[in-house]
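Visitor: Residue numbers (the numbering used here), protein chains in the order written: chain E, 1 to 323; chain H, 1 to 800; chain Y, 1 to 369.
Since the hints were made in silico from the structure, they are not lab data.
Some clues are possibly wrong.
[To be verified] In silico DSBU-like cross-links for lysine-lysine, where the CA-CA straight-line distance does not exceed 30 Å:
| no. | chain 1 | residue 1 | chain 2 | residue 2 |
| --- | --- | --- | --- | --- |
| 1 | Y | Lys-246 | H | Lys-108 |
| 2 | E | Lys-222 | Y | Lys-22 |
| 3 | H | Lys-28 | H | Lys-142 |
| 4 | E | Lys-222 | Y | Lys-246 |
| 5 | H | Lys-136 | H | Lys-221 |
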Amino acid sequence: MDQSSTVKLHELRLPSRNAKKQRTMISFPVGKLVSFIILTVFCIIWISPFIFLFTVSLRNQTDAMLYPKEILYPHSGYSFESYEIILLGKYPETSEQHITTGVTWRDLVPWILNSCGVAIGGTIIHVLVAAFAAYAFTFLDFKYRNVLFTFLIFTMVIPGAATTLGNQTTIFGLKWNKVPLVGLILPGIGGVYGMYLIKTFFSGIPKDLIESAKMDGYSDFKIFFKIVLPLGKTVLLVQGLFGFMGGWNDLIWPQMLYGADVKRKDLWTLQVGMAYLLGKFRSSNTIGVSLAGGVICIVPVLIVYLFAANKIVEGMASAGVKR
Amino acid sequence: MENGYADGNQVVKNAAEANKILKEHNYKVQNGDVDSFVSLQGINKVYPNGVQAVYDFNLDINKHDFIVLVGPSGCGKSTTLRMVAGLEEISSGYLYIDKVLSNYLPSKSRDISMVFQSYALYPQMSVYENIAFPLKIRKYTKRKVGKEALGYKLAIKAFENPELLARAIVEGFDKTVSFGKPHEYISTLLNISDEASKVLLSLNIPHNSIEIALDYINANKENFTVDLDSKLSVEEQKLTAAGYEFNENYELSLNGEPVFVNERLSKEEIRRKVFDAARILDLGPYLDRLPKELSGGQMQRVALGRAIVRNAKVFLMDEPLSNLDAKLRVLMRSEIVRIHEHIGATTIYVTHDQTEAMTMATRIVVMSKGWVQQVGTPHEVYSDPANLFVATFIGSPAMNIFDGTLDKNEVTLSDGFSVDLPKDFKEKDKAFYERKVEETTRLINLLDNEREFQAIRVFEPLYKALKANRVEVSKLGAEIAKSEFERLHHLVSSLEVEIYAYLDGAEIANKHEFKQLIKTKIAELNSLIKARVLEAVETKLDEINELVIPYVGEEFVSSTKAQLVEEFNKAVANEEFDLDVSKENYVEAQLDRLIALFEDHKKENKEEIIASLKEVKEALGTETLLPSLELAHETLNNILTITEADLSKIYSAQSYIEGDVKSQAVMTFGKKTKVGKKVKKVKKHKAIDPRETKILLEGMLKSYEEALKGPHTVKVGIRPEHIHLDSEYTKPSKSKPFVITPNVVELLGGELLIHAEYNNIDLIAKIPATTIVKSHEEVKLVLNKESVLIFDPISGERIK
Amino acid sequence: MSTELTLQEFYRRRERTVGGLKKYGLALLFLAPFLIGFIVFFIYPLFYGIYISFTNFNLSKPGETKMVGFQWYAILFNRNYVIKGTKFSPFFDSYWKAFIHTIIFVVIMVPIAIIVPLALAILINLKPPGYKIFRCLVYMPAIVPLACSGAIFVMLFNPAAASGILATLFPGSFFDNIKFFQDSVWFSFKVGPINVPIVYAWIPIFFMCFWGGWGGNFIIFSAGLENVPKSLYEASSVDGCNRWNKILHVTLPNIKGQLVLCTFTTIIGYMGLYGQNYTLIGGGPYMDKLLISAPAYGETSTLIYFIQAIVDGSNTTMQAKFYGLASAASIIYAILVGILTGIQQFLSRDKKSGTIISERYSKWIRVVQ
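Next up, chain E with everything else stripped away, as it sits in the complex:
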């Protein structure tokens, strides 16, 4: 009788043995660990340019020349010299070089204002216009509604490049290239892609809400502002975010309109200005200056992104999946 010292094979605690074997289910999350390691390594390399951006822009010019390797811990500590150079328009007297950037804070202010105007004001206008149109396509019944909408979808095939020249001609023709902002905001009003996304979202709103509001006596305008817009907060917010980032970051179109005219710098947006700066300081030891300019460009967008990252990501995701 071996009852006390032996155990039935049947009753052995198999998990401790089998959990490690290939043939059976593995409860240890190997996949998560591997992906965590790979992603961490990847992200460190991926984010390093941002780190460089900020640290290099905070060195002073002598350090840049004499101690190029000390990126994270600059020899004379951090300094705002590059920023000063931009803002004041010339090198500090203490430095050996005496070059004027041609740009001072007096120039920066209208640039920032213009960029804000396009990014914020322009976006609000675009989103509102698109929302109005989307409302019409979803809730208002009129002849040729579907035909018109399908036509608009078809035009999404045509790339922006085909219409850019025509738009430039129009604006130059109307002499709006001597006027701030208008030429930047107006051409985007007829943007079909944004309107399409908003319309898709509005189609998800149950029609009963609208009908009961109509029976209560609301006019369409009231319904639009009081019911539909609040319900559509998410998609409008996402569109607004994308519009803001697009408007702020846009370089090509403002460049085409205003960039050529160096005398009217006040019409430039921030991006155009910084690109100009970059062009001038590209191939010298003073890359810190253009980096400082880059930081100025990117900071608002970065802040918005860091706060709204999830929303942006989810907005893009749903747009892609819907197709």
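Model the placement of chains H and Y on the given structure of chain E, informed by the hints.
Guide: Chains H and Y only, in chain E's frame:
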């Protein structure tokens, strides 16, 4: 026993041997003791965050059974199904599928098929490909067959019916008739293997028309037969040369053992199986379509087809019909039953709709909140429910439950209406409550912390100490004693030496007497030392004993102590001064104490405990001590813990108890881990918070005892279909009539549903629509006395 | 009697038309700003652009346009075509060089911009701890404006003398040795009559696009992977799939839509490559002096660069004289993109299933009954 499985019942000596056996058999374990086809034993599911979804699920399923797990949402039925499928890990318990221990097998090795609630059809594949997918993707274990030999044999046989053969060959080449390659057609029509058809085709029989073919066959029949025969013997010789034996179907075996081979199915085989499944399910016209072009019912049938095409051992269905509309659901229900009868596979079906369960099942398992409430055939579950939950869940409309008072065998409702029950009910009632009292008392005893956990506490340090190969307390005592003694002894010795030295150097008369006096004094001193040391030892012993005293009793302890002291004195007197209170003696003493504890105790399984402790005692000093100790430790733990059955009783009680001690469904079992007077940590193991539940159980006990004394409240249940109109019901089991005023009268087909308020509940009665009953007009009803069910309001169980 | 009827009829008819008009008017009101913007800034420029491509439009003197037929198109497609009064037309070489640059870049970049985000999306889909943070970090470079990322990559790839980061961090490696932004040729090859040297400057451009160029693809793949229903994976487990089978039969087919979408948007996106090489090196080292009178004759020019070089006013003569050329080039570009988009739509259409198998089945049934 199937090839390649280790016998789970064999006894192994240690882990190394077990590992070896497991490795040989590829970690597949079988248990021949398990009788039923699918067996779930003690299955529990606990999630990582501590929530337990399934408690102690036990079920034995026979072949061809249709088991339905039914219950409200969240009761654990889907979780159980997924555990059987392998999609969830089984926290504890054993799952056997066809005698094979399947807890740790991945889903694809378990030989099961599953139909999901959302159909889970592959959207990019057509219906045909969806159904064929399980056949394509895996290899199947088949008996190795001498295909060529079999082919020749079947080809020879085909010549016995020349007309059919001719027709097969001609039509095989006819594109309008053949559904695939010629050899496929021939194999299907003549019911022979593909190789045989290929052999027949190689004979080059002309296929222009049946007459020509027939003539050709008849003309050359002899030649063909002889030719094929010789080829057959060549093949047979090849097989024998390779060492195989074969039977008449050319299934090969090696040395008497059948040979199996793992290979994929051929395209033709797959096609035939899929078509077969399509025929059973009537999916022929849909085989090309993609899932998005199908309606709900069709998708469901495709999912079913995918499940049946593999002929797996067990079919699992997870609420497959809940996404369909009502009419389709009824249709598909009968479809599934029909398929089940046709194929005869064992099925486990999960649903929340009790109508489905009652229609389709051979046996129903009613679950609620993770516990199995009752297992039985639909009839049993309907007419013989085990508790209130099952009674109200099964049957639509639900059973009417009244509050009533039971006095001997008459139960009276709150308005005075009484029903007399069969004569023997009084005994049944008494037996029921006596049983409940006994159970509850036992449970309360189980929950009694002081006594039970003390036992573990005494045992634990013992166990731990032996495991660490030292006994702390005693050694400490011995060392203190020893060092103390040695110190004092040393002091005295040096004193003695000094005195003698002084004496030697001094000028004193009667030196010799003086020396003697000194010697005596020294001896006295030594005794004093020993007494001091003994005191120290005694104090240490006292500390140990305090642990034991509270339940064993002072006298017992002091007698043991006295015994030890006596032993010590004896040793001192014999100058055998060895204060090393030996480990084994200490252990033995403790064990004796434990054994005494249990002998005094009114406990079931005490013999088992005592036996295991005695084993440990016998094993003292041998190598087998530690393993015995482990086993004893486990026995103790297992016995002192609350079994699953007890938990279920406590749980069920909790659900129905009235009063302020209605706790939530979460109960935590505290297993004390810290040794000492205070309980420092409580490890969350399973259910039951001892303190709260004890109050619960004591309340229940009181109610049970009250119930035994005289008339007590009960719950009375009667199904709507067992309430009849006084004017219509004539059977002897008719009760006294009662009058109600219906609020609403619904006409449902050939039946009337009468809703009324009666005795503070919404009564529903279902009567045939032959008599007109109008609402707000009084009507007399009677009950069928034989169908009245009495339930205990405290635990919800049925009194029977 | 008759007056009543007529009044009713009249009333009914009036209400119908007026109501219709009212509804129409309301819709028009809502649509007006959008439609006006659409017509003025999309339809009109489109046709005007087509018109310009057939004229000798001058931006500063729009009044003096004259039709010149297919002149600009001829310049672009015929190497020997010469405008009246000039001897050599460098536009052909310059344009086609830009075209080849673009095509090569697209061919190299697009597979990377699909596979890398797909792999990352699969990794993120395994949901390691902190996956939301990883997701945001991976997408972050996509929001960086061109001026800023241009500055960053100039900083990275500058030679050590100008404190370029990579050159100083890895002295002696090829980061140090190669002059990315100057006239250094990596290798070159000939396509027909055109010589196409590939300069090292493409490397920073490549990395700039790699850094910020596929964030959107990543997000879309990530969402697509999440949308694959879990029950499908479970069903395939029960059916007998190992991990590789699952990827092949469950994952990939279910993200086919996203794959097609991303591939084509990426192709179209990179065909329009312009901003990166503009901010980084302004169109590349200008090495071929023969082509100096053509727009975008630099070694990192692209299709859009060609157009922009004429149009953005950095060279007013170009802007004045060759505006129509730019327009013609943009029309050609639009047609190319349109074809690609058309292919994409074609590939993502709904397929209709056939009837082969059900016919087979009906034949089989006859045999078996």
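Visitor: Give me the numbers of the hints this structure contradicts, sorted from smallest to largest.
Guide: 4 and 5
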